[in-house]
Amino acid sequence: MSTVKSDVDNILAHKIGIKFNPPSLVLLYELKDSKQFKKRLMPIRNFSLESNVKLFGDNLKSRHAEKLSSVPNEQIEKMLKLLKDYNR
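Read in order, the letters of the sequence shown correspond to residues 1 to 88 in this note's numbering.
Don't take each hint at face value.
What the hints assert, rightly or not - Computed list of lysine-lysine pairs in DSS-like fashion (alpha-carbon distance at most 27 Å, straight line):
1. 15 - 78
2. 67 - 38
3. 32 - 19
4. 61 - 38
5. 39 - 15
6. 19 - 39
7. 84 - 54
8. 61 - 39
9. 81 - 19
10. 38 - 19
11. 32 - 15
12. 35 - 67
13. 67 - 84
14. 54 - 19
15. 15 - 35
16. 19 - 67
17. 67 - 78
18. 81 - 54
19. 15 - 54
20. 67 - 15
21. 61 - 78
22. 15 - 38
23. 81 - 39
24. 15 - 84
25. 39 - 67
26. 32 - 61
27. 84 - 61
28. 19 - 61
Honestly, the hints are just simulated from the structure, not real lab data.
Using the sequences provided together with the hints, build the complete structure.
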């Protein structure tokens with residue numbers, strides 16, 4: 001019987017950032033088994049100045065759980081705060 005690693009176990013996040021136009025969360029990560037680096041853009045939809053950063057970050061993390069599981073919530077919230085300040 002062979003065991004298959006899930007994406008969550010196979011991903012090591014290196015950097016996280018924000019793209020302002022169009023609003024997206026940018027994740028640079030490494031696939032542990034192949035030592036290959038990849039970039040993932042995760043669109044941020046329906047975000048406004050009135051949005052709750054913590055709730056929005058939790059929602060984003062649950063939508064992209066396989067990629068964002070190793071990223072602390074505080075880092076995601078910091079990126080969303082930058083986006084909020086940029087839109088003021």
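Tested hints:
no. : hint    : result
1   : 15 - 78 : holds (13 Å)
2   : 67 - 38 : holds (11 Å)
3   : 32 - 19 : holds (26 Å)
4   : 61 - 38 : holds (18 Å)
5   : 39 - 15 : holds (9 Å)
6   : 19 - 39 : holds (13 Å)
7   : 84 - 54 : holds (12 Å)
8   : 61 - 39 : holds (16 Å)
9   : 81 - 19 : holds (12 Å)
10  : 38 - 19 : holds (16 Å)
11  : 32 - 15 : holds (15 Å)
12  : 35 - 67 : holds (16 Å)
13  : 67 - 84 : holds (23 Å)
14  : 54 - 19 : holds (19 Å)
15  : 15 - 35 : holds (15 Å)
16  : 19 - 67 : holds (17 Å)
17  : 67 - 78 : holds (18 Å)
18  : 81 - 54 : holds (10 Å)
19  : 15 - 54 : holds (20 Å)
20  : 67 - 15 : holds (12 Å)
21  : 61 - 78 : holds (13 Å)
22  : 15 - 38 : holds (11 Å)
23  : 81 - 39 : holds (22 Å)
24  : 15 - 84 : holds (20 Å)
25  : 39 - 67 : holds (10 Å)
26  : 32 - 61 : holds (21 Å)
27  : 84 - 61 : holds (18 Å)
28  : 19 - 61 : holds (17 Å)
Comparing the model with each earlier hint shows no violations; every hint is respected.
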